[in-house]
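Peer 1: Modelling step: build the complete structure from the supplied sequences, incorporating the hints.
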Amino acid sequence: MTDSKNRPGADGGDALVSALTAVGADHVFCSSGSEWAPVWESLARRHRDGEPAPHYLDLTHETVAVGMATGYGLLRRRPQAVLLHAAPGLLQGSMAVHGALLAGVPMLVASSESTTYGDGPGQDPGGQWYRNLSIVGGPHQVARPFTKWANEAADISTLPTMVTRAAELAWRAPAGPAYLNIPLEILLEEWDGRAAKPVVPPGSTHSSPEEVDPVAQLIREAENPVVVTETAGREAGGFEALVAFAEAWEIPVVEPDSAVCGNFPRTHPLHAGSDIGPWMNEADLILLVNCRAPFYPPSRKPSKAKIVVIDQVPQRPHVVYQVLFADAYLEGNVTNTLRQLTKRARDLGPAAVAVRRAAQEERHAAEQAAVAAAESAAGRSEGVDPVLVAATLRTLLAGRDGIVVDETITHSRVVKRHLRTDDPDSYFYVQGGLGQGIAVALGVKLAARERPVVLTIGDGAFTYNPVIPSYDAAKAYDLPVLIVVFNNRVYKSMNLNHRRFYPEGAAAETGEWLGTDLHRLPRLAAFAEPFGMHTETVDAADALAPALERALKAVSEGTTAVVDVLVTR
Numbered sequence: 006m007t008d009s010k011n012r013p014g015a016d017g018g019d020a021l022v023s024a025l026t027a028v029g030a031d032h033v034f035c036s037s038g039s040e041w042a043p044v045w046e047s048l049a050r051r052h053r054d055g056e057p058a059p060h061y062l063d064l065t066h067e068t069v070a071v072g073m074a075t076g077y078g079l080l081r082r083r084p085q086a087v088l089l090h091a092a093p094g095l096l097q098g099s100m101a102v103h104g105a106l107l108a109g110v111p112m113l114v115a116s117s118e119s120t121t122y123g124d125g126p127g128q129d130p131g132g133q134w135y136r137n138l139s140i141v142g143g144p145h146q147v148a149r150p151f152t153k154w155a156n157e158a159a160d161i162s163t164l165p166t167m168v169t170r171a172a173e174l175a176w177r178a179p180a181g182p183a184y185l186n187i188p189l190e191i192l193l194e195e196w197d198g199r200a201a202k203p204v205v206p207p208g209s210t211h212s213s214p215e216e217v218d219p220v221a222q223l224i225r226e227a228e229n230p231v232v233v234t235e236t237a238g239r240e241a242g243g244f245e246a247l248v249a250f251a252e253a254w255e256i257p258v259v260e261p262d263s264a265v266c267g268n269f270p271r272t273h274p275l276h277a278g279s280d281i282g283p284w285m286n287e288a289d290l291i292l293l294v295n296c297r298a299p300f301y302p303p304s305r306k307p308s309k310a311k312i313v314v315i316d317q318v319p320q321r322p323h324v325v326y327q328v329l330f331a332d333a334y335l336e337g338n339v340t341n342t343l344r345q346l347t348k349r350a351r352d353l354g355p356a357a358v359a360v361r362r363a364a365q366e367e368r369h370a371a372e373q374a375a376v377a378a379a380e381s382a383a384g385r386s387e388g389v390d391p392v393l394v395a396a397t398l399r400t401l402l403a404g405r406d407g408i409v410v411d412e413t414i415t416h417s418r419v420v421k422r423h424l425r426t427d428d429p430d431s432y433f434y435v436q437g438g439l440g441q442g443i444a445v446a447l448g449v450k451l452a453a454r455e456r457p458v459v460l461t462i463g464d465g466a467f468t469y470n471p472v473i474p475s476y477d478a479a480k481a482y483d484l485p486v487l488i489v490v491f492n493n494r495v496y497k498s499m500n501l502n503h504r505r506f507y508p509e510g511a512a513a514e515t516g517e518w519l520g521t522d523l524h525r526l527p528r529l530a531a532f533a534e535p536f537g538m539h540t541e542t543v544d545a546a547d548a549l550a551p552a553l554e555r556a557l558k559a560v561s562e563g564t565t566a567v568v569d570v571l572v573t574r
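If you use the working numbering, the sequence shown corresponds to residues 6 to 574, in order.
Honestly, I wouldn't trust all of these hints.
Taking lysine to aspartate or glutamate pairs in the EDC-like style, the calculated list, with each CA pair at most 16 Å apart, reads [what the hints assert, rightly or not]: (1) Lys311 / Glu226; (2) Lys497 / Asp477; (3) Lys306 / Glu336; (4) Lys558 / Glu541; (5) Lys309 / Asp289; (6) Lys348 / Asp218; (7) Lys480 / Asp63.
Since the hints were made in silico from the structure, they are not lab data.
Peer 2: Okay, here's the thing in C-alpha cells:
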C-alpha cells in the first residue's frame with residue numbers, strides 16, 4: 006500500500022473503486038443492491054472529475070451480471086468485477102458463479118451484509134439487514150463451495166489489499182471466481198487513501214527439460230498415439246500451440262463431447278472427431294491435454310496405453326471425483342509445455358508415421374463423408390432438421406470471424422460437428438447449468454464488439470434464461486447478438502432419460518411423459534419484440550437461410566436478432 010492521502014470525505018466506496026481500477030478491471034458488472042451507494046457515489050465523482058474508473062454496467066438480474074463477466078473473461082482472460090446484492094443476490098447468481106468456476110474464468114465477485122444492524126455508530130444501514138437480508142455466518146460462508154476463495158474485508162484498512170488478493174487468486178491457475186464480502190459499514194467508513202498496488206499478470210510456469218524429455222521419448226516410440234483435450238483452447242496461445250504440436254508429431258486430436266471450447270480446427274486432417282471409444286483399445290499413448298474428466302465411466306481404463314497428463318493444475322480442486330490413470334504429469338503452463346514438446350519432434354520413424362498418417366487420413370475422410378451425408382439427408386427431409394440449421398449457420402458465418410456460444414443439450418453434438426469452427430476463441434459451451442447463455446453471449450460480444458456473436462440455444466434452455474433482463478442489457482449497452490433457438494417443443498434430454506431408465510414402464514404404456522412438454526409455450530421470438538429487436542419464426546427448410554441472412558444483416562446493423570427455428574427432432 007502507498008501512503009498517499011485521498012480527498013476529504015473519501016470512504017470505502019472510493020477504496021473499492023480505487024482497488025478495482027488498480028487490479029485492471031475493465032468493467033464492473035452490477036446487479037444493483039442498496040449497499041452499493043458508496044460505489045455509485047465514487048463513480049459519479051470520478052466521472053465528474055475525469056478520473057479513471059472501470060466501466061460500470063447497470064444490470065437487472067444476477068445471472069446476467071455474472072454471465073456477462075464470464076463471457077467477457079472467456080476472451081480477455083483477466084479478472085473483472087461483479088457486484089451482487091447481499092446474500093440473496095449471491096444465491097440468485099450462484100449458478101452462474103459456479104459456471105464461471107467450471108469455465109475457468111477469473112473474476113472478483115462481491116456482495117455485502119451489515120455488521121451493526123442499526124445499533125452501531127455512524128450512518129444507519131437500514132432495517133432490511135436486521136429483518137431479511139442477513140445470513141448466519143455471512144455470505145462468504147455461502148460462497149465457499151462454488152468459488153476458489155471466499156473471505157470478508159472486515160476493516161477499511163485492509164479492503165484495498167483484500168481486493169488485490171482476491172484478484173490475484175482468481176487469476177492464478179486454475180482460474181476462477183473469488184468472492185469478497187464487504188460489509189456496508191466498511192463501505193461507509195472514512196478511507197485514508199492508501200490504495201492497492203496494481204496487479205501484475207501471473208508469472209509463467211514451465212515443465213523442466215528433465216520432465217519434458219522423457220515424454221518426448223514416449224511420443225517418439227509410440228506407434229498409435231492420440232491427444233484428447235477439453236480446454237486447451239482456453240489458454241492464451243493454447244489453440245495455436247496444439248496445432249503446431251500435432252502437426253510436428255503427426256498425432257490426431259480428439260475433442261470429446263465434454264470439450265467446452267474450440268481447441269483444434271474441426272476441418273484439420275488431424276482432427277479425429279469426438280469419440281474417444283475407438284482409442285481405448287487401439288492407442289498405445291494417450292496425451293490428456295487440459296482434460297479434466299476424459300473417461301466415462303471413470304473406471305473405464307484404456308487397455309494398453311500409457312497416459313501423459315499435460316495440465317497446469319491436473320487435479321482440479323472443484324472436481325468432486327476425478328480419475329486420470331496418469332503415468333506421467335507435465336504440470337507447467339500448457340502452451341509452454343506444448344511448445345517445448347514441439348521443438349523436440351525429431352527422429353520419428355518414417356514407417357510408423359506413414360502408417361499413422363494413413364490411418365488418420367482414412368478416419369478424416371470417413372468423418373467428412375459422414376458430415377456431408379448427414380447434411381444432404383437434412384436438406385431432403387421434411388421440416389427443418391437441426392443438422393440443416395447448424396450447416397446453414399456455418400455457411401453464413403464463413404469468412405466473418407464469428408463466435409458461437411452454445412447452450413444446447415440435445416443438439417450440442419450437432420452444433421459442434423456441423424458448425425466446424427476452425428479458429429481460436431470461436432466456440433464456447435456454457436458451463437454449470439442452463440439459463441446463462443444469453444448473458445454469456447453478451448459478455449463475449451462486449452469483449453469482441455467487431456465480431457459477430459451467435460448464441461445457439463434449445464427452447465428448454467431459453468426458458469431458463471432471464472430473457473427480459475438479458476434483452477435489456479443487449480439494448481442498453483449496444484450489444485447486438487444473433488440468438489438461434491433450436492425449438493423441438495420438448496425437454497428431450499429429460500424424456501430420453503425417462504425412456505432409457507423405464508423402456509417398458511407405465512409412461513411407455515400410456516404415453517404420459519411428464520416433465521418434458523413445451524408445446525404450451527408462446528412464440529419464443531415474440532419476447533424480443535418490445536425491445537425493437539429483429540424476430541423470425543421458421544418452420545420450413547426453404548425459409549431457413551433467408552431468415553438467418555436477414556437476422557445476421559440486422560445484427561451487423563446494430564440490432565439483436567432472435568430466430569426461433571421449429572426443428573423436427
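Peer 1: Give a verdict on every hint.
Peer 2: We went through each hint and held it up to the structure:
no., hint, result
1, Lys311 / Glu226, "holds, 12 Å"
2, Lys497 / Asp477, "violated, 29 Å"
3, Lys306 / Glu336, "violated, 22 Å"
4, Lys558 / Glu541, "holds, 13 Å"
5, Lys309 / Asp289, "holds, 6 Å"
6, Lys348 / Asp218, "holds, 11 Å"
7, Lys480 / Asp63, "holds, 12 Å"
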